[in-house]
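Enquirer: Chains as they are written, first to last, in my numbering: chain A, 1 to 309; chain B, 1 to 309; chain C, 1 to 309; chain D, 1 to 309; chain E, 1 to 309.
Read the hints as simulated data drawn from the structure, not as lab findings.
There may be inaccurate statements among the hints.
Mimicking DSS-like on lysine-lysine, the simulated pairs with C-alpha atoms at most 25 Å apart in a straight line are [to be verified]:
1. K306(E) - K182(E)
2. K260(E) - K114(D)
3. K222(E) - K260(C)
4. K222(E) - K222(D)
5. K222(D) - K182(E)
6. K182(A) - K222(B)
7. K260(D) - K222(A)
8. K222(A) - K114(D)
The following residues of chain B were derived to be distant from chain A, with all beta-carbon distances above 12 Å [to be verified]:
9. V7
10. Q8
11. Y14
12. P59
13. N60
14. P61
15. D93
16. D150
17. E153
18. A195
19. T233
20. A259
21. G275
22. P290
23. R291
24. M297
Using N, Cα and C, we set each Cβ at its ideal position, and we do this for glycine too.
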Amino acid sequence: MKASRAVQKILANYEGETPGVKAQLCRMLMAGKLGGTGKMVILPVDQGFEHGPARSFAPNPAGYDPHYHYQMAIDAGLNAYAAPLGMIEAGADTFAGQIPTILKVNSSNSLVPKSAPYDQAITASVEDALRLGCSAIGFTIYPGSAAGLDMFEEIAEMRREAASLGIATVIWSYPRGEDLSKAGETAIDVGAYAAQISALLGAHIIKIKLSTDHLEQDEARKVYEGQKIDVSTQAARVAHCMQAAFGGRRIVVFSGGAAKGADAVYDDARAIRDGGGNGSIIGRNTFQRPRDEALAMLAKLIEIYKGKD
Amino acid sequence: MKASRAVQKILANYEGETPGVKAQLCRMLMAGKLGGTGKMVILPVDQGFEHGPARSFAPNPAGYDPHYHYQMAIDAGLNAYAAPLGMIEAGADTFAGQIPTILKVNSSNSLVPKSAPYDQAITASVEDALRLGCSAIGFTIYPGSAAGLDMFEEIAEMRREAASLGIATVIWSYPRGEDLSKAGETAIDVGAYAAQISALLGAHIIKIKLSTDHLEQDEARKVYEGQKIDVSTQAARVAHCMQAAFGGRRIVVFSGGAAKGADAVYDDARAIRDGGGNGSIIGRNTFQRPRDEALAMLAKLIEIYKGKD
Amino acid sequence: MKASRAVQKILANYEGETPGVKAQLCRMLMAGKLGGTGKMVILPVDQGFEHGPARSFAPNPAGYDPHYHYQMAIDAGLNAYAAPLGMIEAGADTFAGQIPTILKVNSSNSLVPKSAPYDQAITASVEDALRLGCSAIGFTIYPGSAAGLDMFEEIAEMRREAASLGIATVIWSYPRGEDLSKAGETAIDVGAYAAQISALLGAHIIKIKLSTDHLEQDEARKVYEGQKIDVSTQAARVAHCMQAAFGGRRIVVFSGGAAKGADAVYDDARAIRDGGGNGSIIGRNTFQRPRDEALAMLAKLIEIYKGKD
Amino acid sequence: MKASRAVQKILANYEGETPGVKAQLCRMLMAGKLGGTGKMVILPVDQGFEHGPARSFAPNPAGYDPHYHYQMAIDAGLNAYAAPLGMIEAGADTFAGQIPTILKVNSSNSLVPKSAPYDQAITASVEDALRLGCSAIGFTIYPGSAAGLDMFEEIAEMRREAASLGIATVIWSYPRGEDLSKAGETAIDVGAYAAQISALLGAHIIKIKLSTDHLEQDEARKVYEGQKIDVSTQAARVAHCMQAAFGGRRIVVFSGGAAKGADAVYDDARAIRDGGGNGSIIGRNTFQRPRDEALAMLAKLIEIYKGKD
Amino acid sequence: MKASRAVQKILANYEGETPGVKAQLCRMLMAGKLGGTGKMVILPVDQGFEHGPARSFAPNPAGYDPHYHYQMAIDAGLNAYAAPLGMIEAGADTFAGQIPTILKVNSSNSLVPKSAPYDQAITASVEDALRLGCSAIGFTIYPGSAAGLDMFEEIAEMRREAASLGIATVIWSYPRGEDLSKAGETAIDVGAYAAQISALLGAHIIKIKLSTDHLEQDEARKVYEGQKIDVSTQAARVAHCMQAAFGGRRIVVFSGGAAKGADAVYDDARAIRDGGGNGSIIGRNTFQRPRDEALAMLAKLIEIYKGKD
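All chains, full assembly: derive it from the sequences and hints.
Expert: Given below as structure tokens:
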């Protein structure tokens, strides 16, 4: 499939990258109903690992079956489907080639004792991604954690291996740490920093949370206030995070967090779009709704990213 | 041997897996008196490592000899025999090919100081499994332990190596950790989570304990109560754990714990059967009884799983 | 040299083991004055590392010279000589082929600070054993130590490498740990457990200490008392430890501890023999005596193991 | 390009080094407006990782775009441009071959919790440097940190690999540690020690901070005072650090720290020049000024190093 | 050059060692003015790493230049020159082949925080030693440190690699640890233990400090007093340490410590000689004196070792 001009422009920013990685980015950007627009909506289903099966799937029990999510992502015309090893494998044959997949290669869980540092276990490899026909690996980092530097080293190595084998890398950059307040995890200074770190680590796609206008770090606050950086609206904060992603040279998608009302989801998407972000990565707000509602919501999101809403 | 339709249906769930692994699963599912039913009874003898030799074998001293257990599993017509390296080696030649074997590749022991995190030592390798003609490796994880993430990384690597060489992986998923209460180790929310984690890690066979109706985690309790998930009976809890194992797409066997009355063992098996579980993995309740009693009990269990009791 | 029937019977227990390992076991079992009886007396000289040179050799200063010990083991007609790298190397050429050697590949020392976990350093490799013509590697584990699981992983790996290259493995299994009392280190429940763990780890020869009738672990005590396990005599305790070594399917030699009167040494040997143990591994009681006395003692021990005393 | 005599003299000090490394040093020493003088001005842009994007680039938002810095270094006629992986990649194609680049292969960040030891994460490899056409790797060590010895081991290994593949090594030697006072981080005794350690580790180019006349370590103070070492002026302190760099046999460049007035920057450069230092590595004082001001400042610095100011 | 009978006798003690290692030992024993006598004087210059540059070289600033030390060792007719990577490299070409060199492959420094365990960083490799034409690697162990066992594992591995490639190993054995008193670091029981450990680890040349008559460990004191071991004179203590070095089968050189009066240095050498030690390794007492004085001192030391003083 011929890449659109919007997509070609995005790909041109990945200077010096292997053709294999560019091909995978192209494949994801050209897939689904947003194909060719440069915008993306991705379905991630790793909450069963992070929060447990009942908290994730009991509200809509069809989601216990891995096939449900593959089918949802395909039917909704999304750009990609992201999940841990077991979930990807469970439909790898049935849905082979029908939608780009992202293998989430590390995971945490809510049983980990509070005394342990914020960390994740590496539960899959680049070799698994190749074997399962995935377009990318997904990796969570916790900037701010006592284990953060180790996580950076892990993804730096995996990214290198992946890129050399033609697999793209998506970094879930979630600030979390011993010295960060709860509000600080979504503070705009910290969110922009999270985007910057991911870009510096060589992420091809950056996944961050939407930020609040809270400012967490004293040294940063001085600059935000002194330079009068606009962080008053969600769109302004998205725009600031895009700046932090090499002035927009990297694809950034934003996650929506816990399930909430549909209007809030749409407002988030409009802010992402207006701030120049590349799209949404939206899990619980999709699969915890009945299938029909979820499909309707995803259709509307796509319209928003197309600028029609 | 031609696989039965029940077995073929189970195997079809292992999408994208190597033919070698599927062949080993088939071999175990077609072995013994339950061969072809999709149900399994497995004899595990790793208690000598976990609890010491006298606590394990003194009630029936014939069990000090590794040959005793091989012979028991063969004579009872079980699906597989699981044990640590030394035990497997001690009969590897005499019983070669007579029953599928599972090499337990990590082990703990009751001498470990209380101050150490819950962990196990890797005491055998995939190469050992190949050399000894085993069908699978067995690996214990302790979700909830401070060492839990490290254990996940270990089995993720070993599973990958094993699968690529045509060896299946059985995960013993035993929640145990600094923040878990004793009751929490067998709570239904935690048990279902343990099954889910194993499935996500790519286990081909999942071994969990039977659960109680206790709910351990606050966030989970809200969901169980809010969604009115039925956990009132053992069969209902087994069914819920099967949901958590990819809606039943993964084989799950349940362990029975310490020695107890025969009726309780049978009741457990009926609940496993009625809840859609794949069978029992039963150690102390077998080898701590005199051989005749043990054989009779196993025969009865097989009848239960055949639906005749 | 044709193996005796007693030795052939022992070797048959090592099912599935490489011919190379069996050849080394045969070589040790057929060496010296006990050759062919299935009994062994081994000279270990690693006390210079463990306790320091003066505490080890000052009582008989000829022992500072590594040649002294080689010559002693050869002249006494022992089955094997065990020592750390430097000691083995220092006579490797002069005594090449004159007696089977066991390369002790890990060591501790009495300068280690009390706050450190009980552990040893790996100071030689399987490659060293091959290069120096050794029959086996020797490795100490400390079941009960916070470092115990790590030590198990180390020997599991070295054993695998050694066996694949035709080198046997001797495990020194010395319970020692944060939660073990001093009496517990030689308690019979703990000693039998130490033998069991070594067997499960795949040791070809197990070295444990003689036990007392103390019972250390509460859960174990219930079983010993409930099952009325006889631990009242040293011979009974040796027999129990042989049970724990796969019902006698593994070679077990017993160490004698600190220097003591000759009669006590002989009594120990008679108990080992009467309990079905395979022999003695005896260091300080040998080399801290004048050479003539030591040779006389070793000659007497050999007579005891031959059943003539 | 024929190397100047000044450059040949410097290269002769790198005895026994691979021709590949010497070629890279030559390439950097011959590049830009100072080419051939033996002096260097290098632009480093790793502050986005260390301090976050807004603190680094908000004062001059053009700097959010990685291309800005490449272009600045080229237009100003500098010797090299240094940055982390993401920054180098983002212009690797556009600016290929236009200026020597130094790949900063480890990085820290200001989100790391205070309780963690001073450390950095390795975020790129020698292989990355080769792939991206870089002349050198850059690596930060923290002498004085609890993680310091580990960092030394990391760079020792990377340096060896890099040199064997024809890539030079620049060490950022920044004393920072649990027992060092804030003043001690820039004390002259500590600064000279930092230079010495880098030289001993095999750095080809040493980057240290300018020192104050503070003396941090008691044992060192006795010597400085007893031997009457002149540390009264910045030029004297630079000269002392050059002594510590093998009597000037190693290239040393000095960093300027936080943004400050232009005159202070020029005074620093004159002191570096007069003390025999090889030049400046100057980041925030460049890119936090408007482009025109920055270019003017760099032009003036070059004049100073040419001895014309 | 034909080896002298004294040297041949020493080499014969290295049984089973590779010809490459023996050739390097021969090369060092036959070099310089003591060549062929079996005695050695070695110049070590690693104090810049351990104590910092000013404390090491300010008393005689010519020493900042690595060439100075090479030239000193050559002009004085010493057996070998030992230094860390950077120092060796800085003269590797100019002095190639003029004197045997020992590459010090690990180092500590005085900036390490007090709370860290006594440890060193590995800063060079066997490959570096080969590349630079060195005869041996030098490695410091700290028996008694919490990191001691790890250091033993490190040198055991490096020694094996080095020996297989024809490089000899010198172990600097410096007791230092959490439970050792300051006096204990040079106590005779501990010093002899340090020699023993090095010999057991396979050191070809052992470097220890001269001891005092202090006895540190209670268990050892009993033996020293009970066996009436003579530790009353320096020569007696040297002789005892030679005993601990396999009864003199290993080369032992003694270090002199901090700079002191020339007569004290000569007395030390006479004691080493009279106790049967192999020589001196003397750094600060050499290079912190003016060159003429240092040369005169070294000449006198050589006379002492030749038995002429």
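Enquirer: Against this structure, judge whether each hint is valid.
Expert: Structure-based check of each hint:
no., hint, in the structure
1, K306(E) - K182(E), "violated (34 Å)"
2, K260(E) - K114(D), "violated (44 Å)"
3, K222(E) - K260(C), "holds (17 Å)"
4, K222(E) - K222(D), "violated (42 Å)"
5, K222(D) - K182(E), "holds (22 Å)"
6, K182(A) - K222(B), "holds (22 Å)"
7, K260(D) - K222(A), "holds (17 Å)"
8, K222(A) - K114(D), "holds (20 Å)"
9, V7, "holds (18 Å)"
10, Q8, "holds (14 Å)"
11, Y14, "violated (8 Å)"
12, P59, "holds (34 Å)"
13, N60, "holds (36 Å)"
14, P61, "holds (39 Å)"
15, D93, "holds (35 Å)"
16, D150, "violated (7 Å)"
17, E153, "violated (5 Å)"
18, A195, "violated (8 Å)"
19, T233, "holds (17 Å)"
20, A259, "holds (28 Å)"
21, G275, "holds (14 Å)"
22, P290, "holds (40 Å)"
23, R291, "holds (39 Å)"
24, M297, "holds (33 Å)"
The structure does not agree with the numbered hints 1, 2, 4, 11, 16, 17, 18 stated previously, though it agrees with the rest.
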